[in-house]
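Q: Please put together the full structure from these sequences, using the hints given.
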Amino acid sequence: MTLEILGISVLWLFLLGYLIIGSIDFGAGFFNAYGVLTGREHILTNIIQRYLSPVWEVTNVFLVFFFVGTIGFFPKTAFYYGTTLLVPASIAIILLAIRGSYYAFESYGSRGHKGYSFMYGMAGLLIPASLSVVLTISEGGFVSMVNDNPVLDYRALFTSPLTWSIVVLAIAAVLYISAVFLTWYADKAGDRTATKLLRKYALIWAGPLAIAVIGIMFELSKHNVEHFDRMVDIAWLFGLSAIMFVITVWFVWKQQHYNWALGLLIGQFTLAFFAYGISHYPYLLYPHLTIYDGFTNPTMAIALVVAFVLGLCLLIPSIYLLLKLFLFNKDYVRGKGDHHA
Amino acid sequence: MENESAVFFSRVLTELTLSFHIIYATIGVGVPLMIMIAQWVGIKKNDEHYILLARRWARGFVITVAVGVVTGTAIGLQLSLLWPNFMQLAGNVIALPLFLETFAFFFEAIFLGIYLYTWDRFENQKKHLLLLIPVAIGASMSAVFITIVNAFMNAPQGFDIVDGQLVNIQPIVAMLNPAMPTKVAHVVVTAYMTAAFVLAAIGAFKMLKGSNHVYHKKALFLLMKVGLVFAIASAIIGDFSAKYLVEYQPEKLAAAEWHFETGKNASLVLFGVTNGEEVKYAIKVPYALSILAHTNPTAEVTGLNEFPEDEIPPLYIHYLFDTMVMIGMFMVLVSAAYVLGKIRGWSFVGARWFRWVIVAGGPLSIIAIEAGWWLAEVGRQPWILRKYMKVAEAATTSDHVDIMLILFCGLYIVLGIGSVVVLRRMFRHNPIEQEIEDRKAGKGGDF
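These protein sequence lines are chains A and B, in that order. Residue 1 is where the first sequence starts when you use UniProt numbering, and the numbers rise one by one after that. Residue 1 is where the second sequence starts when you use UniProt numbering, and the numbers rise one by one after that.
By construction, these hints were calculated from the structure, which means they are not laboratory data. A hint or two may mislead.
[Unchecked claim] Here are the simulated distance ranges between beta carbons: (1) A:F158 <-> B:I133: 43 to 51 Å; (2) B:E123 <-> A:G239: 48 to 56 Å; (3) B:Y388 <-> A:D153: 30 to 38 Å; (4) A:A235 <-> B:R424: 29 to 37 Å; (5) A:N329 <-> B:Q165: 51 to 59 Å; (6) B:R424 <-> A:H257: 34 to 42 Å; (7) B:P181 <-> A:Y320: 54 to 62 Å; (8) B:R425 <-> A:H257: 40 to 48 Å; (9) B:E123 <-> A:Y320: 48 to 56 Å.
[As the list claims (entries may be wrong)] Rough simulated footprint, nothing fancy, chain A against chain B, three-plus residues with beta-carbon under 8 Å: (10) 138-148; (11) 165-171; (12) 292-303; (13) 312-325; (14) 332-342; (15) 393-401; (16) 404-418.
[Unchecked claim] In the DSS-like style, the derived pairs of lysine-lysine whose C-alpha atoms are separated by at most 27 Å in a straight line are: (17) A:K336 <-> B:K217; (18) B:K217 <-> B:K387; (19) A:K336 <-> B:K440; (20) A:K336 <-> A:K324; (21) B:K127 <-> A:K330; (22) A:K324 <-> B:K126; (23) A:K330 <-> B:K44; (24) B:K44 <-> B:K440; (25) B:K127 <-> A:K336; (26) A:K324 <-> B:K440.
By construction, the Cβ of each residue, glycine as well, lies at the ideal position given by its N, Cα and C atoms.
A: If you want it as structure tokens, here you go:
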């Protein structure tokens with residue numbers, strides 16, 4: 001395995017981490033806002049607050065880690081993506097800022113404000129949409145070089161069906177992941193009404209998710225044939241992911257084996273995400289930038305890998321402690337005793 | 001291809017984001033240490049009041065951390081969005097500390113979550129104190145690593161440029177650049193100092209508003225002692241920083257001191273105004289600049305006239321320098337007077353006017369932090385990477401920076417007002433007297 005592949009795999013893993021825990025967070029915000037609007041907030045708010053409170057800050061770090069790591073391993077991405085992403089990334093930052101701060105404001109300052117909850121919920125849907133633009137751009141065709149500087153063609157981007165199918169996929173995935181996770185969490189908490197409601201959401205969002213995936217395959221076969229062909233080459237990985245998806249939905253439908261459902265959900269997205277990543281190889285930005293010509297010098301790469309390994313030695317036990325105290329602690333999950341500062 | 005308006009707006013937007021971020025970041029670095037100290041003193045003295053101090057600070061801290069995290073994410077991404085050419089170059093040399101900073105941040109985030117949500121879970125307060133250590137270390141270490149990146153921009157090393165290509169890259173050498181020791185030390189220590197004085201200001205204000213609980217008196221005495229130590233440390237490290245500037249960045253010190261002609265027996269200029277060459281209404285302290293620069297009253301100090309016209313930083317940084325130093329000195333005096341006065345039993349310590357002085361100390365310390373950063377940053381104009389890359393070459397070529405500037409302005413206004421409103425409401429609805437009553441009644445003191 002070359003350092004380039006190692007670098008991109010590590011970053012991809014962190015992006016996957018962000019995708020999953022970020023989705024739980026974004027979806028939870030949306031379900032919460034929906035609950036407030038339909039007068040059902042009492043069912044979900046406690047479950048959501050109890051899960052989100054200790055972890056919301058950690059969620060953000062996964063994203064920071066991904067983009068800082070990307071600049072570290074692939075400094076040329078700063079040149080290509082930095083210039084072209086100014087507008088979509090700035091919008092994503094603003095939405096993230098509103099979300100992150102209002103979460104803290106609301107849970108510590110003024111609980112139950114309708115306007116905040118609504119903004120919080122909407123921002124959660126718009127963030128995945130604005131971030132997924134990066135995936136669209138990476139497929140090529142939207143960036144042209146003018147005077148040696150990359151320029152993004154907004155018109156082409158916003159009129160492309162590929163863009164919109166990726167946006168739909170992002171939103172559907174967020175709501176589906178979040179609903180399945182929260183079903184599991186509510187079930188652990190022994191909260192029957194919340195489990196019932198969240199289970200319904202999970203089943204509702206499974207459909208659009210499947211449709212969006214098929215739509216993207218179709219669009220990609222026209223947009224970037226090279227990429228599509230490589231996807232077909234590893235179709236078995238996508239197939240395996242699809243099977244996991246079906247079993248997850250089956251378990252949720254049958255209201256049983258929620259532990260397995262959660263495990264399969266993570267497996268499904270991990271497989272699909274890595275299969276997508278592998279088929280994208282070797283391009284970071286088709287056709288301008290590959291992982292080979294964008295890679296940092298070997299000295300820095302080794303330094304980063306060493307730092308990464310040492311960092312993980314600190315992080316893994318800490319994350320384990322966090323999960324043990326909040327996710328796998330029965331009393332906490334069931335809301336026995338109010339422990340917060 | 002440069003895009004002049006994009007360069008201008010990129011500078012304004014970066015300055016806006018950083019100026020807003022450092023208020024929360026400074027508090028974010030300093031307050032965990034104060035919480036840790038209060039918790040530790042509480043355990044050692046077996047005094048519930050200090051534990052409550054830690055608890056109440058922690059609660060307010062969540063709000064500032066939230067704003068610090070989101071604005072930090074903003075500046076992290078803006079570095080690549082607004083300065084893509086710089087990040088491409090710097091990514092090759094200085095990615096390591098940037099990367100390490102995220103680890104420190106990760107570490108802090110995890111343990112802060114645990115700390116905040118396990119308040120009454122551990123019978124033993126010492127266990128709870130243990131959770132604070134990684135929070136304080138993580139907070140300080142992220143300041144250390146990110147300041148290393150900034151130090152590198154002031155004193156780049158650890159690479160060579162041969163025919164426009166970067167070669168012989170040494171990440172560790174780049175991190176251990178000459179600007180690093182003084183910069184890191186000054187940033188961390190002034191953050192501790194500022195946090196102490198900001199918290200002291202809140203306590204003094206509560207006392208002025210009629211809350212005469214012994215809790216506030218304990219808080220004030222503790223904070224002023226801590227503040228005094230860090231204020232003195234800041235001044236000493238500030239002096240080292242000046243000596244660093246003489247050696248490595250003489251144009252910054254010369255511009256900050258309006259020292260035009262190279263010469264011996266250089267005097268220090270305090271206040272005054274200038275139109276470029278002529279300095280009016282200034283107080284000149286003879287020999288002081290030579291002492292500051294070389295610890296020798298007759299030593300020669302390089303003047304601004306030695307440098308090419310287009311490599312000189314703007315002269316207004318002198319005002320920033322004055323502001324920072326004057327506030328620093330003032331805070332040393334105020335905290336020293338308070339601590340001495342308390343020990344000796346002088347009566348002015350409890351006087352209303354003196355409490356107002358302490359209240360002023362909080363915002364003044366923040367102003368000093370801002371002024372210090374502006375001095376450091378504007379003082380290396382026109383370079384983004386001193387002697388290697390000018391600011392204009394580093395900026396984005398995108399045409400939309402002006403609109404983004406307006407959007408971010410709106411965001412910071414919302415965040416600024418929001419955080420102040422929430423913090424005020426949080427403590428006004430639950431004053432300390434109430435919380436002590438509630439805890440006695442076994443209600444856990446929650447709201």
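Q: State the violated hints by number, sorted upward, taking the hints as numbered earlier in the document.
A: Going through the list in order, the structure violates hints 4, 6, 7, 9, 10, 12, 13, 14, 17, 18, 23, 26 and respects the others.
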